[in-house]
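Participant: As you go down the protein sequences, you meet chains E, U, X and H in turn.
Heads up: the first sequence runs through residues 1 to 405, numbered per full-length UniProt numbering.
Heads up: the second sequence runs through residues 1 to 405, numbered per full-length UniProt numbering.
Heads up: the third sequence runs through residues 1 to 405, numbered per full-length UniProt numbering.
Heads up: the fourth sequence runs through residues 1 to 405, numbered per full-length UniProt numbering.
There could be a bad hint or two in this list.
A pair holds if it fits inside one copy or across any two, identical chains being indistinguishable in the list.
[Claimed, not checked] Mimicking SDA-like on lysine to any residue, the simulated pairs with C-alpha atoms at most 20 Å apart in a straight line are:
no. : residue 1 : residue 2
1   : K396      : D229
2   : K154      : T16
3   : K23       : E164
4   : K160      : A200
5   : K23       : A404
6   : K23       : A398
7   : K17       : G57
8   : K405      : R226
9   : K396      : P122
10  : K405      : P28
11  : K23       : D36
12  : K396      : D290
13  : K154      : E224
14  : K23       : A403
15  : K160      : L70
16  : K396      : D276
17  : K52       : T16
18  : K405      : A39
19  : K396      : V273
The hints are simulated quantities; they were obtained by calculation from the structure and are not laboratory data.
There are 4 protein chains.
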Amino acid sequence: MPIDLSYDADVEDLVTKTSRFIKEYVLPIEERFGGDIEAAGGDEIRREMNAKAKAEGIFAPHAPVEFGGLGLNMSDRVPVFEAAGYSTFGPVALHIGAPDEGNVHMLAHIASEEQRHAYLAPLAAGDVRSAFAMSEPAPGAGSDPNALATTATKVDGGWKINGEKRFITGADGAGFFIIMARTAGSPGDRGGATMFLAPADREGISVGRHIHTTDRSMVGGHCEVRFTDVFVPDADVLGEVDEGYRYAQVRLGPARMTHVMRWMGSAVRCQDVAVDYVSLREGFGGTLADLGMIQQMIADNEIDLAAARALLVKACAELDRGGHASNETSIAKTFAAEAFTRIADRSIQMCGGTGVSDDLPLARLHNELRPFRVYDGPSEVHRWAIARRTIGRARKAAAAAEAAK
Amino acid sequence: MPIDLSYDADVEDLVTKTSRFIKEYVLPIEERFGGDIEAAGGDEIRREMNAKAKAEGIFAPHAPVEFGGLGLNMSDRVPVFEAAGYSTFGPVALHIGAPDEGNVHMLAHIASEEQRHAYLAPLAAGDVRSAFAMSEPAPGAGSDPNALATTATKVDGGWKINGEKRFITGADGAGFFIIMARTAGSPGDRGGATMFLAPADREGISVGRHIHTTDRSMVGGHCEVRFTDVFVPDADVLGEVDEGYRYAQVRLGPARMTHVMRWMGSAVRCQDVAVDYVSLREGFGGTLADLGMIQQMIADNEIDLAAARALLVKACAELDRGGHASNETSIAKTFAAEAFTRIADRSIQMCGGTGVSDDLPLARLHNELRPFRVYDGPSEVHRWAIARRTIGRARKAAAAAEAAK
Amino acid sequence: MPIDLSYDADVEDLVTKTSRFIKEYVLPIEERFGGDIEAAGGDEIRREMNAKAKAEGIFAPHAPVEFGGLGLNMSDRVPVFEAAGYSTFGPVALHIGAPDEGNVHMLAHIASEEQRHAYLAPLAAGDVRSAFAMSEPAPGAGSDPNALATTATKVDGGWKINGEKRFITGADGAGFFIIMARTAGSPGDRGGATMFLAPADREGISVGRHIHTTDRSMVGGHCEVRFTDVFVPDADVLGEVDEGYRYAQVRLGPARMTHVMRWMGSAVRCQDVAVDYVSLREGFGGTLADLGMIQQMIADNEIDLAAARALLVKACAELDRGGHASNETSIAKTFAAEAFTRIADRSIQMCGGTGVSDDLPLARLHNELRPFRVYDGPSEVHRWAIARRTIGRARKAAAAAEAAK
Amino acid sequence: MPIDLSYDADVEDLVTKTSRFIKEYVLPIEERFGGDIEAAGGDEIRREMNAKAKAEGIFAPHAPVEFGGLGLNMSDRVPVFEAAGYSTFGPVALHIGAPDEGNVHMLAHIASEEQRHAYLAPLAAGDVRSAFAMSEPAPGAGSDPNALATTATKVDGGWKINGEKRFITGADGAGFFIIMARTAGSPGDRGGATMFLAPADREGISVGRHIHTTDRSMVGGHCEVRFTDVFVPDADVLGEVDEGYRYAQVRLGPARMTHVMRWMGSAVRCQDVAVDYVSLREGFGGTLADLGMIQQMIADNEIDLAAARALLVKACAELDRGGHASNETSIAKTFAAEAFTRIADRSIQMCGGTGVSDDLPLARLHNELRPFRVYDGPSEVHRWAIARRTIGRARKAAAAAEAAK
């Protein structure tokens, strides 16, 4: 049987609707505010766009059907999320942006019935936003998760959490936090982490300054957060104690891939903008699109987009089969993140002086895409993991061959 | 429905058998002769390996079942051909090397009943080899097919062919030729080409010198061929007159992809050899595999392999759906050909002085892989085609948007 | 005699003084205003910094001694301008930023005695700024200077200039303009251009909107400018009529190289910031600086810096010998511009999440450096010119060899 | 004073003579034997070419004048050695190939009067060849020199050497060896190495198999060598005991740079061959040289050549000033070695199918250049050293700043 990479008609239909919604409704808002979601109104514009998306029947396509979503599997999210990502405001509009999208995904898999009611339902509906509090200031958990320093100490009826977090996306204005804290061992030890749920107004949670980065499309910023004797009742432990990293895996692979999907949309837009420009711009006795060096950049963008998409499809098929797909998602994420900045960079270059100006959205799309080579694990950490797995396989095979002699 | 990228059990089984056959039987032959198929005996070793492959039930997996093959579609060829390509002699052993494999594919689609009997049957069985005579010395047909200069003139009962060909793979010792000649127009004009079948011993066919290249694994070399008043009866016109390029499309896309599949096998082998080397080689207080810069090369190889494979799967799915997949195959071919030399190059680098020596097969695998960036259309020609299609789409969309106003 | 690449003691001394001035005085101002010169006060802060630089004896080191400068040749400018460029405000502080620096250079070479008095003297002293009005909106002069569309028509006692300019750096607030206009032929024809001098308050000159780009360090922005029946007396023709492009060559090569020098300073700073960061930041059982992939980025930055500097030294030596050095400056500019964004990009990557934030200056330094691959001729136009010269030499040599037979 | 990068007239004259000698006399020999020096006659053709070079007055330009050379400093060697390297047989013809050239250089600096007479004189004259026996099979000295395992034990009147060496260039047929052996400490310890001189026919020296690599231009191959109780009298200790690595530094930097010079010549030749080809080859309605993507490759080759040469000039100026120039030579070597394979690779690509054939010398020049990224320290080891120096400087500066507070 040949491999079938086509999508069902209802998915194709959803893509068409999403694409139209983005181009006709969301993109003009984004353009008007130069891609700065806070300047556009933050949570207010989010709610406005969400309402519109609900009316169009395209809201929260990844959320479970019982919570008002469309229940898309990972494979089917690919074209839909890409269409949404064509505008940097698109993911917020459809409620499929980080970190909410990944949190919905994880809660749908792990949360207890009560937690589904208390946290997942309002989140899936877009009534509240959420934050995933894992990263810490140096020398705590960052690229190296074992460095986790925030602690949760057992107290009567629950836990007391203390520690500092950093780069917590969406923290400012979030309705609740998912907090990763150490319940066993010391910083540097493997394992011993647990996830906790806590409403944002719980005593002891304080959201600090925004860390301003080159991306401007995420509501609630990237913040510093401090937890001081934050009490979490036992009922709000997410999953089981000491199993935080195992549960985080449920979130990790899919969240990496939806990042790729969304940013793919922006990369496609860069190429569209640049190709339109060079197709019309005259120079050197024709249009710029007639020049070999320009054609090379156009083709390299196409190749990069196709390869990123093909790797994404592969990783999502693996996730849909039920695997963690750690290697497939690492590969797809690393390639895509690097491909996207290459694409943005070439697109800028094709448009010359106009490319580096804000007469075109390219320079700011580059700034929007650039952090992806760092967020969700820098390329170097993924390469390290990919290499270690390869070496491990080779050593195992060598040992097996030796044993067979 | 999630996308399913898994293979049926019988295909998996075929891959396993092929892989074992290659590693246990073919690879030792290749190693013994330093990868030089002529040194290993040329057609003689080919027949020997073919017989063995037939005995294993893995011979000509792509050929129609009625002609003794396994009738694999393009998607299923991917893992099988890759397994065969692990040895540079593997494709010859399974009779899936260029140009025979592509010629079988094309004849199975286009040939008349008589032609199937006279040409396809013995070719599919490996009784004879074949050659595809299209490329010409400058300024004839090369990267630019419209430059076709070889002519076929209508004579009583058939055609008289005159012209010079160059770089005709497998010509020396081929049983028959498929000849592309101009039946209308002049060099530089589009179209007007026709394909003809002719036994190699037909009067007027003369095979000249071998053009020695860095690859050593194709039986019959890359030759110069001259056609002097070669008579071809009407019955041996392949397809219809003046439609040669249209028919060539049938061969083109699939042949590009099977090239990728085979060479992928050699790229995987480079990585295997290098990873085994650095996993064992001590230095700098550990093994080389512990060093970050080595790990980066290992990971980059994995990423390149995964991306090439994913693009290949995509293009083959498109071909299996019945399209020409010109763009998908151009993208997959261009990316893969460049990825494979990168992989070979990194593998050499990881192994240092041993890597550039013939104590390891890496340097010669690099030389085997390098021409693929030129064969079957240089990367530059593919990029030009990819870019033109992209620009064409953009202009069409702009015109449609204009018209809709 | 071995080649001597060392600098005289007085130049070394000037470098030391400049470096101290930049780090102690200029950098804090730049940091305080996030590198935005307009936010820092524009011309006001420029004058303040200029006064301070004068007091330090390091002001306008390239200007002729008779006009208060230090009269540095191109070779000696290299380390001084690099030291100044360490802060993006440094060139403005020393009055060696674009376009003033290049205008001083050109006027010193071409201007008549009267023009030196009227225009060069106040410019060299920093009493006024200047603008070089060459680029035009499409389809006028841009990468292709022959497209020049602005016209100067002979009238009694002078010329009347009409046309639109675009991307005119420093136009807003400039004291005078150097205007390139066509005095013969039509757009597309080679030659026929003349340069004119005109005070900014001359009737018919209107400065339009700023084109906002990713760089923020040039006073007066990049503006649209319109000339409507602007009268220029014969005495203010700069050089000879119809020889504008020949004179522009005098400015072109040196201005390209001083661009490289200044931006080199910012690239060095990126590397400094990143190396300091990874030397201190702990992770993975040591500091980040202990990791091979980080070390690779550090080394690649060093290699890029060294190569850019070496090419710069070569081109400046050629300019100091009196040649146009078109090829040497094209090569140095193209390599350096691309190297600098690579350096900024790697520096960001080394610093992870902090690298893409404004806790470090790296992301904005990238945005400051990125346009250099476009400004002063995009890399593609320089590559085209470099290739054409190479091909021309080969053809000439082939013809000479043929003739010698 | 502007920097002067021009060469004295006598050096320019030597370059002209060398260039003519190479193109008229040496290149035809190389081409006749496909670049294989052994096939061309090995030491026999070497002597023949040496005699011719002596007659032309261009033999051994680097050797001390008292030993019949021209006594060129490092700066002046640059253009001369590059001219010689235009043919892969050129360095042998002028007696400036590895390892003899570096050995002459080192002996001229370190050897005692007796050693100069016994070893340097015949070597400089080309009466004998020499070998530098440092590298060892794993886990001995390779990229990591501290792993040195060959031992020299003090005996009456001299030393007894035992150990295995590997990859000893020119060993087969060498007149004498310079042997690096451990006189103190154990493998892994820093220091404790001593250099010894020994005639090749000394008892206990046995030259083993040639390690066949992709390069074919060095007489005497790259061999395995075994030392069994080889006696070396005290008078043949080169320099002082335990100071072997310090003396090796004298050889190291200059030898790296002459490698770059020679291989630069071959890189220039690749570009010449390719540019000639595309200037004449017709296609796509013009010549290949008219196509943008071809022009990009031509320009990139020019840029790479210019940057490699500029870094080389810089490092040689530093060496001529008397420094070790470890960092400058590491940078120049790493950049150049990588640039040269890029150049060869692009040159092949420009020439398409002919490029991968032996109708042009490009594929074999690539194979000749490729090992340079490994020989004389792999790029990764140089990058590691470059990075460590950078990090060291940063830490030292930080400590100084801290101390100053």
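Participant: Check K52 against T16 for me: Cα-Cα at most 20 Å, and say if that holds within a copy, between copies, both or neither.
Facilitator: within (16 Å within a copy, 53 Å between copies)
Participant: Up to 20 Å between alpha-carbons, please classify K23 paired with E164: within, between, both or neither.
Facilitator: Close neither inside one copy (40 Å) nor across copies (33 Å); limit 20 Å.
Participant: Quick one: K23 to A403, C-alpha cut-off 20 Å, is that within a copy, between copies, both, or neither?
Facilitator: Answer is between: at 18 Å across copies they meet the 20 Å cutoff, but 61 Å inside does not.
Participant: Is the C-alpha distance from K396 to V273 at most 20 Å within one copy, between copies, in both cases, or in neither?
Facilitator: between (49 Å within a copy, 15 Å between copies)
Participant: Can you give me the call for K160 and L70, within, between, both or neither, at a CA distance of at most 20 Å?
Facilitator: For K160 and L70, neither the intra-copy (37 Å) nor the inter-copy (66 Å) Cα distance is at most 20 Å.
Participant: Since the copies are identical, ignore which copy is meant and state whether K396 and D276 lie within 20 Å (CA to CA) inside a copy, between copies, both or neither.
Facilitator: Classified as between: cross-chain Cα gap 11 Å, same-chain 52 Å, threshold 20 Å.
Participant: Can you give me the call for K23 and A404, within, between, both or neither, at a CA distance of at most 20 Å?
Facilitator: between (61 Å within a copy, 16 Å between copies)
Participant: Under a CA distance limit of 20 Å, which applies to K23 and A398: within one copy, between copies, both, or neither?
Facilitator: between (54 Å within a copy, 15 Å between copies)
Participant: Please work out whether the CA atoms of K405 and R226 approach to 20 Å or closer within one copy, between two copies, in both situations, or in neither?
Facilitator: Neither way: K405 and R226 sit 58 Å apart in one copy and 32 Å across, limit 20 Å.
Participant: Up to 20 Å between alpha-carbons, please classify K154 paired with E224: within, between, both or neither.
Facilitator: Intra 25 Å, inter 66 Å, cutoff 20 Å: neither.
Participant: As a check of your reading, is K396 near D290 (CA-CA no more than 20 Å) within one copy, between copies, both or neither?
Facilitator: between (53 Å within a copy, 16 Å between copies)
Participant: At 20 Å max between alpha carbons, let me know whether K396 reaches P122 within a copy, between copies, both or neither.
Facilitator: Close neither inside one copy (47 Å) nor across copies (45 Å); limit 20 Å.
Checked against the numbered hints above, the structure violates hints 1, 2, 3, 8, 9, 13, 15, 18; every other hint is satisfied.
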